[in-house]
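Asks: Listed below, chain by chain, are the residues.
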Amino acid sequence: MRLPCPHCGERGNEEFVFLGSADPVRPADSEAPIEDWIDYVFLRDNPAGANRELWHHTYGCRSWIVVRRDTRTHEILGAEPARSLPPPASTSAAK
Amino acid sequence: MTPQTQHTSQPFRLASGGLIDRATAMPFTFDGREYYGHPGDTLASALLANGIHLTGRSFKYHRPRGILYAGPEEPNALVELRTGARREPNTRATVAELYPGLTACSQNRWPSLAFDVMAVNGLAAPIFPAGFYYKTFMWPAAFWEKVYEPLIRRAAGLGRAAREPDPDSYERSHLFCDVLVIGSGAAGLAAARAAARSGARVVLCEQDFRLGGHLLSSRDEIDGKPALGWVAEVEGELAAQSKVRVLRRTTVFGLFDHGVCGAVERVSDHLDEAPPFTVRQRYWKIVARHIVVATGAIERPIVFPQNDRPGIMMASAVRSYVERFAIVPGRRAVVFMVDDSGWSTVEALQRAGASVAAVVDPREEAPERARSIGDAKVLCGATVTGTRGRLRLSGVTIKDRQGREQYIEADLLAMAGGWDPALHLTSHLGSKPKWDESIAAFVPGSLPSHIDVAGAAAGRFGLDAALKDGVRAGSEAAHHAGFASVSLAPPAASALPMHTRCAPSWRAAKLDAKSFVDFQNDVTAADIALAAREGYRSVEHAKRYTTLGMATDQGKSSGVNGLAILADVTGRTIAETGTTTFRPPYTAVAFGAIAGRETGKALRPTRLTPTHQWAAERNAVFVEVGQWLRAQWYPGPGEADWRESVNREVRAVRSTVGVCDVSTLGKIEVMGPDAGRLLDFVYANTVSTLKVGRMRYGLMLREDGHVMDDGTVARIGEDRYFLTTSTAHAEQVLRHLEFCHQVLMPSLDVAIVPVTERWAQLAVAGPRSRELLAKVVDGFDLSTAQFPHLSVAEITICNGIPARIYRVSFSGELGYEVGVPADYGDAFIRLLVREGEPLGLEPYGTEAMTVLRVEKGFPATGELNGQTTARDLGLERLLSTKKDYIGRALQRLPAFNEPDRPVLVSFAPVNASDILRAGSHILDLGAAARIENDLGYMTSAVYSPTFGHHIGLGFLKRGRDRIGERVRAYDPVRNCDVVVEVGPPCRYDSDGGLARA
Amino acid sequence: MPEPMLESRSALAGLLAPGHYGANGGTGVSLSECRGRTLLSIAARAGQTAALSAAIEGAFGVPLPMQPARTAAGSVAFIWSGPGLWLGIGSSTDDLARRLATCAPGLASIADLTGSRTTIRINGPSAREGMMKLVPIDLDETVFSTGSAALTVASHIPVQLWQTDDTPTYEIACRRSYSVSLWQSLTEAFAEYGYSVAP
Amino acid sequence: MRYSLAVLLKNALSGHAHWSPAWRDPEPKAAYDTIIVGGGGHGLATAYYLAKEHGITDVAVLEKSYIGSGNVGRNTTIIRSNYLLPGNTAFYEWSLKLWEGLEQDLNFNAMVSQRGVLNLCHSDGQRDAFARRGNAMRLNGVDAELLNGEQVRELVPLLDFENARFPIKGGLLQRRGGTVRHDAVAWGFARGADQRGVDIIQNCEVTGFRIENGRVAGVDTTRGHIRAKRIGVAVAGNSSRVAAMAGLRLPIESHVLQAFVSEAIKPLIDMVVTFGAGHFYISQSDKGGLVFGGDIDGYNSYAQRGNLPIVEDVLSCAVALFPSLSRLRYLRQWGGIMDMSMDGSPIIDRTPIEGLFLNAGWCYGGFKATPASGWCFAHTIATGTSHPLNSAYRLDRFATGHIIDEGGKGAVPNLH
Ligand SMILES: Cc1cc2nc3c(=O)[nH]c(=O)nc-3n(C[C@H](O)[C@H](O)[C@H](O)COP(=O)(O)OP(=O)(O)OC[C@H]3O[C@@H](n4cnc5c(N)ncnc54)[C@H](O)[C@@H]3O)c2cc1C
Ligand SMILES: NC(=O)c1ccc[n+]([C@@H]2O[C@H](COP(=O)([O-])OP(=O)(O)OC[C@H]3O[C@@H](n4cnc5c(N)ncnc54)[C@H](O)[C@@H]3O)[C@@H](O)[C@H]2O)c1
Ligand SMILES: Cc1cc2nc3c(=O)[nH]c(=O)nc-3n(C[C@H](O)[C@H](O)[C@H](O)COP(=O)(O)O)c2cc1C
Ligand SMILES: [Zn+2]
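These protein sequence lines map, in sequence, to chains A, B, C and D. Each residue of the first sequence is one higher than the last, beginning at 1 in our numbering. Each residue of the second sequence is one higher than the last, beginning at 1 in our numbering. Each residue of the third sequence is one higher than the last, beginning at 1 in our numbering. Each residue of the fourth sequence is one higher than the last, beginning at 1 in our numbering.
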């Protein structure tokens, strides 16, 4: 499997570590309703089809990237650096 | 005749022709007898040259079997090649290249190939139909494992594996190309040439040792010249181009996602032994932008009664043995065909001087070509109903159009059952083949855009079609890869156009329980019918119930016949029935080839610390810690065992001074104006309040609330922090920090730089550590007043070498860690030891380090096992209530706050001579050893020279309320059961005064 | 005060015996270790990448590479090491750390990495072919040429490599603790072509 | 038709012309008391035990493809009960007990082979962790032996003791562990259930649930609508997809796990051996093939196939552990879709929707669970409550924090 690192170019998946879905958004702070937290930490859509997922280019530039990939065919639909994405809600709270 | 000439004579070798080098005779042995062949031979062709057809026994009934094919699809002729540590079971004689001195043995027979007692299985065949084992061997219950199963296991299996380590070496390499062409037949060569001419980077892989595919065994002409001349011309053109790479003896065994292909090159298999510095096989990992599959087609056997005797061969194989290897595989042949390519075999046999006793064709009329076939009897509308001959075919029974049977003596029966495109690779990414009624075969289904199929592999049989299709596919692939296509007229072929009135190979005769479909696994037409009768009607069920297509040849020859018979008996069409799934590898791949050099000691890299050389000189015993090698202890003179060494090391730290290399700890520098903010978020305790020059213990949680890792955080400068992690979690923590920064808080102005390897980090611990260090620092005041516990400073040592010094103690004693640039680590430890020895210094290893920290009750890997919480560890005071941090929210869950959770305590044996062992469970005294009474477990246990007995750490339910009580440390797997007293985690200097002094 | 200076020791000390090894009389490539270099991690502060590159160009005459590549002026080189991150290389006399600190105050976070990496130079006609056994990236000259750089993996070892001339010559750097394993992988890969070890 | 040697011999005389189908191929009825979605090992076992233990026979098993097409038909067949945590050990031990009597119970030889499962350890810490596990097993009344290096060498002499990167320090042996013929498990349970009246309906994919007033009323399938009062879902790798049809999100990700088989050879490796310093395990099948595997590929996938990095890793480990395997060839590789849960442990429970039950989250260890899973799931469906054996496998354990994380890996499914 080849993954397009936005920084390093296309590389074999042996260079990457997979984390999971990029969709869950960390609740704004630790006092948010516990259900939101359970959801964030444990529940996943796990779609059969396009999936937004977090990969880390561990043996390359060490960037976290968000790859869109079809989980039925493994077709790559796109990739972008995680840090360039609009910040999730929690960042403002942490600031 | 001298023995010499008797041996070298090859009675079935033709006097001329073929792609062999008659000038050189190569001796080889089969089943202990010596024979001769020539360069250019395979083991199979050399055996045939010597008149040997019988080469193996089938899996289940141990029926005598001969050479069926001339390529890798061979199901029968499997041998044990080579001997000793190089023994390779199940090697197809049809692909093993002959080399001088080759040794091969038949397999799965006892005592000999000609007389195999297990052949009684064949007599019992009626009670061993498909799936019989599911229905029996159940009584008495205990007998299955004691009696039946061992018998079955001994009978099963084919060859014997070597029992010694493989002496050969293997390697991996990588290739990137615009166009990968798989197969070098007419289609592949045309495709490679077309792609290369457009300027693309081309790789051409051919499993055979010669390029040419079917052309090697044909008399076709291309552009008015013999086809082999055209092959040579293309070969030359490709060789001349630097952007083209031709890999012979290289099988592409699998297609994987996004153009990644696996291929194995048999670099030295054609030699007795690999030459120096040369591998036996090389695994190529090829990344191709476009792939042209030009793998040709495989001829399909005909299913008829007793179709499995030695001497029965595929018609195309006969052609190949005649034309390419110059062998006449029989003197008197019958050709049974349902497909016109069989006529070429008739011609080839006649050219080779064999008599063709009969041509049998169930179709009603013969083509034009049959007229010029000489004296062969052509029987249209006829079929073969049986054969005779125990170890070699002796004759064939034929039923003609009128239903009359006749018996014809013959030592060779060639069968032409039609062609199946070798589309296996095209299925590896999930595409289903589709049935094409017009050619009565499966062709590739819809494919991803970067894969194309050309020639016979696409069901475009015939040389003309292959050449045209190859040119098309090659230029299109180059075009897709971004190269301008050059117009290239396809070469013109002389070969007879193929006509397509192929008749079904599975309906050419009346089938029975000796009509073999899968030769290796002994699956017959009757087995398939039985499977269907019993409800295993899905093609996948029938495969699994009968084992059809599951042998080493993966059904390359049997697949279509099998499912077609299934379709017939279940009243479905072949398209409705479908195929089973082709999976990698295309042909079986040696484990060693893929393992390459990454095995044995090189399975994983070995990481060495900066003081490794010094420790090795000091005879340190090393231990694997992840990929690291660390000094575990340093044996001293006269010490009887490791425990004595460790005790000495521990005592030194407690009484004088010790030094230990702790460079393996993960070290990370976090810099920038927002560094404190990031660290407050990843640590459970607060970091940003640290003053410059100070450090503290830090605890990291996972978002699910459990402890991830612990370590220290030092503030080196206003915007600069230095973190340590445990050795085991260094990479995980770094990635986690990067996650928190890049994904959760991308707007923070922070840089995270791993600096583990920048520093040789030495722990100097013990009451005299200050005294020792004073000798090496460049005028730095180490007094507690100036440099109290948990301080850090950037200093120089030894006249100007930059260093960092941390006042931190993992032993409980007055202690420091000093980091020097890694290249100085070796000299630095030598210096410390030299200067320290007069003070009583001992270097200490990981074992002593564990003793010291267990005495102090500090948690490490055993306690930070991913299942424990801050509260379990007694570290709840570190959980900040003033900020959000990773893992905080879930602390609220009920399970985290249950009073019954086991918490960290220490244990000491009541009888001081008792040994404690980590992994013991804790029970109340007198409680039965049952899981309901389980109170916890011991995570670390050491002998403490400080206390003179063992001590342990572990988790105990309500442990804090039970200090001073006695419980059992129960360890049945090591036959131990010890009464222990519960204590607080820290047993040594519990107020920490020593470290602060 | 004890001995004033400590001696620095390469992680490969004792392994690099000059000579010819492997097939063909050892002429395929030559291997040597690049010693005595100052290594710095240079991380641009948020939003300061362009300013940092300009400052560096002013001080050293070459900008920072903005993609996986290497820029060099004399013995000073900058190698892309990730977004906003570079490896600065200088000889021990280049005084790289101080010059950087003065030319780019507030623009970068700098960490000294000297000694943390072992760098091996591979030079010769078989260098490319042999390197392809080690790294899973495309080193074809049309894709990877003088000035190119990459972070990747060789036999489970994280490595950084760059090409310095068209011979070709590569330099491959690994973290110090991996040095011996990387050296073994290299020598096994190149034995087929023969290699010489230069001091 | 009962299977026995006598019946086999009798049929041999008539050329095997009179065997009847192992299970019928009925048309789906309009309604059933209970529907089981998923004709894998767990679904078929559930139907079997519903009929056998609870007398509930108005049951249909709906399978989208052929029965056994999922993980039960593509796993590496290891059974064992060497678990550490409460909630797991007793459950898996019950499963092993059921395996031990399965052939007689089903009248189908699934070739349960208790050849032993040996987990190797390569460090003191790992040995201690094995001791903790072995002791927990013993406290549960399960057999466990901790071996030292010498004992391992005697048991499995082909292991590399001379040149190992990670020297073998010992192992945890469960002699009652072993292997079972995978396909036969699906077929045996199917036949047993069918004989008790269960309808096994293949090529029938569930495409939706009918839910009325918070209660299930039936399913939509590719073969039409079928009503049912109770529905049990046991679809392994497809759990999230099917649960989504009922509006549920699960603590599960689907991952691909590959497996491999070598060419058949004469007996070589006598028990199941697992590597402790990398991901690799191996056993030899009755046919002679070495069946082996390693880690999951590590990314979400619904394709039953994987990629080369795992192939490389698995074969490197194979040769490292058994250097004499180097020249053997592997024959086939395939993949299965694992329902990787967030704590690595399964779920057998009711759902918030009344009448809808869930059996999922088996990761790569659910084959050995097949009988107990079916047994407990049948109990849960029949009685509406968990049996004590599956009482820890609650769907809401993530919300209470009572996770069952054997490996201590946290909520990252691909690490379990
Ligand atoms: C390579 C591999 C190796 C393994 N090794 C082991 C091992 O050694 N030991 C062990 O204990 N476990 C092992 N496992 C795990 C084990 O195989 C599984 O956990 C277990 O088989 C899952 O339960 P099951 O048999 O019910 O699943 P499956 O057989 O997958 O059954 C689920 C069924 O549901 C069907 N289905 C899905 N969606 C629908 C729908 N919408 N409608 C109708 N039907 C549907 C599927 O087609 C499938 O047949 C392994 C798994 C794999 C893939
Ligand atoms: N009825 C007939 O007479 C008949 C039928 C089919 C084909 N043919 C002849 O076959 C030829 C068709 O040409 P073609 O080029 O399509 O096929 P081909 O069979 O000539 O060539 C295919 C080549 O691919 C190689 N190959 C197969 N799988 C491979 C793999 N996985 N890795 C590496 N190499 C692999 C084979 O060794 C072979 O050399 C023509 O000459 C045609 O006349 C004749
Ligand atoms: C334990 C086990 C043993 C197997 N042995 C063989 C074998 O000897 N030959 C073979 O071709 N396939 C064998 N297979 C693999 C199956 O052919 C098949 O690939 C697997 O069940 C997955 O199905 P699929 O490939 O049709 O998707 C085996 C599978 C398992 C689970
Ligand atoms: Zn990258």
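Worth flagging that the hints you see were computed from the coordinates, not collected in a lab. Given the structure is predicted, the values throughout are model-derived calculations rather than measurements. Among the hints, a few may not be true.
[Claimed, not checked] DSS-like, lysine-lysine: derived pairs with alpha carbons at most 27 Å apart:
{"hint": "1", "chain 1": "D", "residue 1": "Lys52", "chain 2": "D", "residue 2": "Lys97"}
{"hint": "2", "chain 1": "D", "residue 1": "Lys169", "chain 2": "B", "residue 2": "Lys601"}
{"hint": "3", "chain 1": "B", "residue 1": "Lys60", "chain 2": "D", "residue 2": "Lys287"}
{"hint": "4", "chain 1": "B", "residue 1": "Lys60", "chain 2": "D", "residue 2": "Lys266"}
{"hint": "5", "chain 1": "D", "residue 1": "Lys97", "chain 2": "D", "residue 2": "Lys266"}
[Claimed, not checked] Chain C is nowhere near these chain A residues, computed Cβ spacing over 12 Å in every case:
{"hint": "6", "residue": "Gly12"}
{"hint": "7", "residue": "Leu19"}
{"hint": "8", "residue": "Ala28"}
{"hint": "9", "residue": "Glu31"}
{"hint": "10", "residue": "Ala32"}
{"hint": "11", "residue": "Glu35"}
{"hint": "12", "residue": "Leu54"}
{"hint": "13", "residue": "Ser63"}
[To be verified] Chain A is faced by these chain B residues, among others (derived, beta-carbon under 8 Å):
{"hint": "14", "residue": "Val260"}
{"hint": "15", "residue": "Trp435"}
{"hint": "16", "residue": "Phe739"}
{"hint": "17", "residue": "Ala889"}
Note that the Cβ used here is the ideal one computed from N, Cα and C, for glycine as well.
Asks: A separate judgement is required for each hint: does it hold in the structure or not?
Replies: Hints, verified against the model:
1. The hinted pair formed by D/Lys52 and D/Lys97 meets the criterion: a straight-line CA distance of about 17 Å does not exceed 27 Å.
2. Distance restraint check for D/Lys169 and B/Lys601: the Cα-Cα separation of roughly 16 Å lies within the 27 Å cut-off, and the hinted pair is therefore satisfied.
3. For the proposed pair B/Lys60 and D/Lys287, the alpha carbon gap of about 10 Å is at most 27 Å, so the pair holds.
4. Among the hinted pairs, B/Lys60 with D/Lys266 is consistent with the structure: their alpha-carbon atoms are about 13 Å apart, no more than 27 Å.
5. The hinted pair formed by D/Lys97 and D/Lys266 fails the criterion: a straight-line CA distance of about 30 Å is larger than 27 Å.
6. Under the 12 Å C-beta cut-off, the non-interface status given to A/Gly12 relative to chain C is violated; the minimum distance is some 5 Å.
7. The non-interface label for A/Leu19 is consistent with chain C: the shortest C-beta to C-beta separation is roughly 18 Å, beyond 12 Å.
8. Once the 12 Å rule is applied to beta carbons, A/Ala28 is consistent with being away from chain C; the minimum gap is 23 Å.
9. Annotated as non-interface, A/Glu31 keeps its C-beta farther than 12 Å from every C-beta of chain C; the closest such distance is 29 Å.
10. Distance check for A/Ala32 against chain C: the nearest CB is about 27 Å away, which clears 12 Å, and the non-interface claim stands.
11. At the 12 Å boundary, the C-beta of A/Glu35 stays outside the reach of chain C, the nearest C-beta of that chain being 35 Å off.
12. In this structure A/Leu54 is separated from chain C by more than 12 Å, as the shortest Cβ-Cβ distance comes to about 16 Å.
13. Residue-level check failed: A/Ser63 sits 6 Å from the nearest beta carbon of chain C, not beyond 12 Å.
14. A cut of 8 Å between beta carbons decides the hint on B/Val260: the least distance to chain A is about 7 Å, and the hint holds.
15. Interface hint at B/Trp435: violated, since its Cβ lies 23 Å from the closest Cβ of chain A, which is beyond the 8 Å cut-off.
16. For B/Phe739, the shortest C-beta to C-beta distance to chain A is roughly 6 Å, which falls under 8 Å, so the interface hint holds.
17. Among the interface hints, the one on B/Ala889 holds; its C-beta lies about 4 Å from the nearest C-beta in chain A, closer than the 8 Å criterion.
Violation of the numbered hints given earlier is confined to hints 5, 6, 13 and 15; the remaining hints are satisfied by the structure.
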